[in-house]
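Place chains B and C on chain A using the hints.
These are the residues of each chain, in order.
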Amino acid sequence: MSDPAPKKGPGLAVWLPLGLFAGFLALVIVGLYWPADREVSSAFIGKPLPTFDLPPASDDRPGLATAQFKEGGKPRLLNVFASWCFPCKVEAPQLAALAQQGVEIDGVAIRDRKEDVAGFLKQYGNPFKRIGKDDLSQVQLAIGSSGVPETFVIDGKGIIRYQHIGDIRQEDIPLILRKLAEAQ
Amino acid sequence: MNTMIKPKHQRLVLIILALVALIGAGLLAAYALSKQAAYFYLPSELVAKPPEAGRAVRLGGMVEKGSIKTQTDGVTINFIVKDDKARVPVRFSGITPDLFVEGSGVVAEGRMEGTTFVADNLLAKHDEKYVPREMKNMTSAEAKAVIAETK
Amino acid sequence: MIAELGLAVLWMAAALAVLQLVAGALSLRPATAHLAGVVRPVAILQGVLVACAFAALIWLFLSTDLSVKLVAENSHSAKPFIFKLAGTWGNHEGSMLMWVTIMSLAGGFVALIEKRLPENTLIATLAGQAFVSLGFYAFLLLASNPFERLPEPAPEGAGLNPLLQDIGLAFHPPTLYVGYVGLSIAFSFAVGALVTRDVGPAFARAMRPWVLGAWIFLTLGITAGSYWAYYTLGWGGWWFWDPVENASLMPWLAATALLHSCSVLAARNALRTWTVMLGVVAFSMSMVGTFLVRSGILTSVHAFAVDPTRGSFILALLAIYIGGALLLFGLRASTVTEGARFAVLSRESSLVFNNVMLCGILGIVLVGTLYPLLTEAMGVKVSVGPPYFNPVSAVFAIPMMLVMAVGPVLRWREDKGGRITWQVAVPALVSAVALLAVELLFAPNLLPALGLALAPGLAVASVQPLVGRNLRRTPLPIYGMVIGHLGIAVALFGMASEGAFSTERLAAMNPGDTQQVGPFKVTLQDIGPVAGPNWTALEATVSASYAGGTATILHPQARTFANPPGNRTESALLTRWNGQLYAVLGEEGDDGRWQMRFWWKPFVPMIWYGGALVALGGLLALLGRVARDVKRLVAIDKIAYRRERQGR
Chain A
0 MSDPAPKKGP
10 GLAVWLPLGL
20 FAGFLALVIV
30 GLYWPADREV
40 SSAFIGKPLP
50 TFDLPPASDD
60 RPGLATAQFK
70 EGGKPRLLNV
80 FASWCFPCKV
90 EAPQLAALAQ
100 QGVEIDGVAI
110 RDRKEDVAGF
120 LKQYGNPFKR
130 IGKDDLSQVQ
140 LAIGSSGVPE
150 TFVIDGKGII
160 RYQHIGDIRQ
170 EDIPLILRKL
180 AEAQ
Chain B
0 MNTMIKPKHQ
10 RLVLIILALV
20 ALIGAGLLAA
30 YALSKQAAYF
40 YLPSELVAKP
50 PEAGRAVRLG
60 GMVEKGSIKT
70 QTDGVTINFI
80 VKDDKARVPV
90 RFSGITPDLF
100 VEGSGVVAEG
110 RMEGTTFVAD
120 NLLAKHDEKY
130 VPREMKNMTS
140 AEAKAVIAET
150 K
Chain C
0 MIAELGLAVL
10 WMAAALAVLQ
20 LVAGALSLRP
30 ATAHLAGVVR
40 PVAILQGVLV
50 ACAFAALIWL
60 FLSTDLSVKL
70 VAENSHSAKP
80 FIFKLAGTWG
90 NHEGSMLMWV
100 TIMSLAGGFV
110 ALIEKRLPEN
120 TLIATLAGQA
130 FVSLGFYAFL
140 LLASNPFERL
150 PEPAPEGAGL
160 NPLLQDIGLA
170 FHPPTLYVGY
180 VGLSIAFSFA
190 VGALVTRDVG
200 PAFARAMRPW
210 VLGAWIFLTL
220 GITAGSYWAY
230 YTLGWGGWWF
240 WDPVENASLM
250 PWLAATALLH
260 SCSVLAARNA
270 LRTWTVMLGV
280 VAFSMSMVGT
290 FLVRSGILTS
300 VHAFAVDPTR
310 GSFILALLAI
320 YIGGALLLFG
330 LRASTVTEGA
340 RFAVLSRESS
350 LVFNNVMLCG
360 ILGIVLVGTL
370 YPLLTEAMGV
380 KVSVGPPYFN
390 PVSAVFAIPM
400 MLVMAVGPVL
410 RWREDKGGRI
420 TWQVAVPALV
430 SAVALLAVEL
440 LFAPNLLPAL
450 GLALAPGLAV
460 ASVQPLVGRN
470 LRRTPLPIYG
480 MVIGHLGIAV
490 ALFGMASEGA
500 FSTERLAAMN
510 PGDTQQVGPF
520 KVTLQDIGPV
530 AGPNWTALEA
540 TVSASYAGGT
550 ATILHPQART
560 FANPPGNRTE
570 SALLTRWNGQ
580 LYAVLGEEGD
590 DGRWQMRFWW
600 KPFVPMIWYG
610 GALVALGGLL
620 ALLGRVARDV
630 KRLVAIDKIA
640 YRRERQGR
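Residue numbers (numbering that gives the first Met the number 0), protein chains in the order written: chain A, 0 to 183; chain B, 0 to 150; chain C, 0 to 647.
Only chain A is shown next, with the shape it has when bound in the complex (with noise of 0.2 Å):
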C-alpha cells in the first residue's frame, strides 16, 4: 500500500551549496589578488650598510666592500642571488633591463661555488659591476635578508633604502626606478 507522497522539492535549500562555493570565491579572490604583507621587511631601511669586504665571487668581476658604497655618487642595487636559486634565474632579464638603462648593480652571491657563479653568469647574463662571495651568508642576514633574490637600494652615502624581496617582475621596474630616485 503505497500513499501518495506529494513531490515535494528540496526547495531552496538547493541553491545553498551553490551559495556558500560563490562565498568561498569570493574570500580567495580577495586573497589572490590583494596580496597581504606576509614578508616583515627589513629593520635596517635607513640604516647604512654594515662594515664588510667580500672577496671576487667572480674570476672577471671585482669583490665588494662598503667603502665603495661611500664613494659618493648615484644610488646603486645590491642584487643578493645564487646560482641555485631559480626565481634568481627569473629575474635576470629585468635585472639586464636594469643595467642597459644605466642603474649599476652589484652582486652578493650566497653559498656558492666560483665555477657554479660563472656559469650562472654565463648563460643568464652578468648585470653586475662588483660581485661579493658570502659563503656563510653573514652578509646577506647582517643586511635584513632572509632570502634570495632580494634586491636593495642603496644611495650614495652607503645607506639602505629600500629591500625588493623576491624576483623583481616586469612589473616592479618602475617601482626599483622609482626608488633609486628617492634615493637620490
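One should not assume that every hint holds.
[To be verified] Think about it this way: if two alpha-carbon atoms lie no more than 27 Å apart in a straight line, the pair counts; the simulated BS3-like pairs of lysine-lysine are:
{"hint": "1", "chain 1": "B", "residue 1": "K84", "chain 2": "A", "residue 2": "K46"}
{"hint": "2", "chain 1": "B", "residue 1": "K48", "chain 2": "B", "residue 2": "K34"}
{"hint": "3", "chain 1": "A", "residue 1": "K113", "chain 2": "A", "residue 2": "K128"}
{"hint": "4", "chain 1": "B", "residue 1": "K81", "chain 2": "A", "residue 2": "K46"}
{"hint": "5", "chain 1": "B", "residue 1": "K68", "chain 2": "A", "residue 2": "K69"}
{"hint": "6", "chain 1": "B", "residue 1": "K81", "chain 2": "B", "residue 2": "K68"}
{"hint": "7", "chain 1": "B", "residue 1": "K81", "chain 2": "B", "residue 2": "K64"}
{"hint": "8", "chain 1": "C", "residue 1": "K68", "chain 2": "B", "residue 2": "K48"}
{"hint": "9", "chain 1": "A", "residue 1": "K46", "chain 2": "B", "residue 2": "K64"}
{"hint": "10", "chain 1": "C", "residue 1": "K380", "chain 2": "A", "residue 2": "K121"}
{"hint": "11", "chain 1": "A", "residue 1": "K156", "chain 2": "B", "residue 2": "K68"}
{"hint": "12", "chain 1": "B", "residue 1": "K84", "chain 2": "C", "residue 2": "K114"}
{"hint": "13", "chain 1": "C", "residue 1": "K380", "chain 2": "B", "residue 2": "K34"}
{"hint": "14", "chain 1": "A", "residue 1": "K178", "chain 2": "B", "residue 2": "K84"}
{"hint": "15", "chain 1": "B", "residue 1": "K64", "chain 2": "A", "residue 2": "K156"}
Rather than coming from a laboratory, the hints here were simulated on the basis of the structure.
Relative to the frame of chain A, chains B and C by itself:
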C-alpha cells in the same frame, strides 16, 4: 511504538537537520577560532598588548646578536627576539632549525609565561614562498665543506 | 625527441577529449544520436594516449634528459633510480600530468567496463568527464608544460629536495592522486545523472564501485602520507592540520559520506538529491584542495613552487566546474523526486546522521583552513592549528562514532529500540569499563581519555553484525563493513594512546651517556660519518634496551645532500608490538655534546594499521560487489546461451 514512519515532509525534516548542523558547525567554528587561532605578534606588539596568559600565539622578529645562550642541559636555549622598538626574551627546548642564527629572522610558536615567551616550535623565517627549499637547510658546516671543495 | 613525442601525444589526447565532449553532448539530441557510438572508443583511446605521454615523461626523468627544463630543475644524474622515477611527480608540472593521466585512464576504464547504466546516462557521464579534463589539459598545455625544452641542455640538474628523497614519494602521491582524481568519476556520474534526470538505485549501484575504488586509494594515500610525515620530519607528530594535509582530508570526508549515501540510495532508493550533491562535492573538494596547494594562497611546508598566475588559472577552472555543477544541481535537483521513507530509528537514519556529522567535520576543517586567508584580508595575521582542529572535530567525530557503533545492526526502513538492546548494551559496557580503568590508572587529558574509552567499545560494536550469521555464507561486503569500522576503532586507539601515553626525552649527550625513555634505556655509543648514494651523514649509534632486555642498535642520522644543498634528518624507529621508540639526532653543541631527542610512543603504529584496515575493508566490499556483478553477468550469459540453443 516511538519509531513511526515519518510524516509526509520527510524531505523537509532532513533539510532542516542539515541546516541545523551547518549553522551549528559554523557557530562552533567561529567560537573556537576566536579562542584558539594563534595571532601573530611583533615584539613591540607583544610588549604593548600582551595576549592572555597561556594563549597560544606566534612571535616574529629578529634574533638579537649575541643573545643565544645554551643552558647547561645542552638542549634549552634562551635568546632575545626584537624589532626596532622592543625586546622579548624567549626560551626554547629542542633541536633548533638549521638557519636559526643570530641576526636573522625567526617565528616562534608558543605562549607567554610571565615576561618570557616559551616557544614550542621555531620556524626560521625562510618559509616565504619565493625562497627555494634549498636555502633553508644549508648549515655552516656544509658551507665550510663547499668552500673546502672550492679550494 | 621523446619530449616532443610526449607533448604531441598530449595534444592529441586533448583533442580527443574535445571530440568526446562534443560527440557526447550532441548525442543527446535525437538528430545526432548516432554520435553516441563514438564516445566510448574515444574515451578509451584518450586514456591510452595520455598514459603514453606520462610514460614519456617518466622516461625523460629516468634517463635524466637534462635538455628538458623540468628534469633540469628537479632531477640529478646521481639520484638513485627510485627517486628519479618518483621525481617525475615530485613537482608541479609532473604531478599535474599525473592528475590528467589518472582522470583520462579512469574515464577510459569506465567506458570500457561500465554496462549497467542506461546508455545515454553513461554518455552524459563520459561527456562530463571530458569537459572537466579539458580544463586541466588546458592548464597543463598552456601554463604548465612538462615537456618544455631548455635552449641548451643544462650541465647538471638542480636535484630533488632532500625532504622528498624518500620512498614515501614513490608511494604517497600516486596513491593519493588515484583517490583524488578517481572522485572525478563520481562527479561525472552525478553530472550525467542530473543532465539525463536519472537519479535512482541504478545510478547509485553503478557509481558505488568507482567511489569505493577512489576512496580506498585516498584512505591509503592519507595513511601513507601521515606515516611518511611522522618518520621524516623528526617532530614525532603524525598529523599537523597543515593546509595540504587538510586538502587531502576534505575529499576523503566527502567521499566517505558519499560512499554511505550511495548505499542508502542503492538499497532503499532514498537520499537521492543528497547523494547527487555529495557526488559533486567530493571531487569539488579535490579541486579546491589542489587549488589551495598550488596557488600559494596558503603557506605550508608542503607547498609546491608557487605562482599566483597558476592559482588564477585553477581558480577559473574551479569557478567553471564547481560553479557549473552546483548550478546544474540547483536547476535540476528540484525535479529529482523524493525517495522512499524511513523511520527515525532505522539504518537510513543512522547513515543520514553519519553523513551530517562527516559534512560537519568537512565544514569546520574547511573553515579552519581558510580562516587565515579571511583574517589576512582584514590585515590580521593568524595561524590555526591543532588547538582548534582537534577539539572541534571531536565534537562531530564522537557522536558519529557512537552512531557508527549502532547503525550496522539497525534494520532498513524501520526498527524498534527493543530489538537492539544487547547490541547497544555490550559495547556501552565495554566502553564504560574502559573509561573507568583509564581514569583510575592514568587520568590523561580529556580527548585522549575519550578516545581510549570509545575505541574498545567501537571494536566490539563493529563485529556485532557478524554475530548470529553463518560466517561462510556472509557476503564479502558485510565483512568489508566490519573490518572498515574495526579499522576506525583501531586507528582511534592508536591516536588516543599516542596522545595520552607518549613520553619524550630531549637531552644533550656525550658518547657513553644513558637516558631513560619510558621503558627503554638508551645509550649513545658513538657518532661517526657515513655516506650514501647522494648524501653524506653524521650517524649516531644508539643502543636501546627495553626494560633491561637485550639491546637493539639504532642509527639516527643527520643527512647532508649536495644537489640541491640541504639537510634532512633520518630518524631511527624501533617498533614493538606495544609501541615505537623514535630517535632523532640533532646538532653538536659548543661543549661537544650532541642533542638527541627520543620518544616512546605506545601503540602509535595502530594509527596506520587502522588506516590500512579501513582500506582493506573497502577492498573487500569492492571485491564482493564486483564478484557479484561478474557472477550475475556470467549467469545471464549462460541463460541467454541456453535459451538460444533451445530456440533453435
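Status of the hints after comparison with the structure:
| no. | hint | verdict |
| --- | --- | --- |
| 1 | K84(B) / K46(A) | holds, 15 Å |
| 2 | K48(B) / K34(B) | holds, 17 Å |
| 3 | K113(A) / K128(A) | holds, 16 Å |
| 4 | K81(B) / K46(A) | holds, 16 Å |
| 5 | K68(B) / K69(A) | violated, 36 Å |
| 6 | K81(B) / K68(B) | holds, 16 Å |
| 7 | K81(B) / K64(B) | holds, 10 Å |
| 8 | K68(C) / K48(B) | violated, 50 Å |
| 9 | K46(A) / K64(B) | holds, 16 Å |
| 10 | K380(C) / K121(A) | violated, 42 Å |
| 11 | K156(A) / K68(B) | violated, 36 Å |
| 12 | K84(B) / K114(C) | violated, 72 Å |
| 13 | K380(C) / K34(B) | holds, 15 Å |
| 14 | K178(A) / K84(B) | holds, 25 Å |
| 15 | K64(B) / K156(A) | holds, 25 Å |
In terms of the numbered hints stated before, the structure departs from hints 5, 8, 10, 11, 12, listed from lowest to highest.
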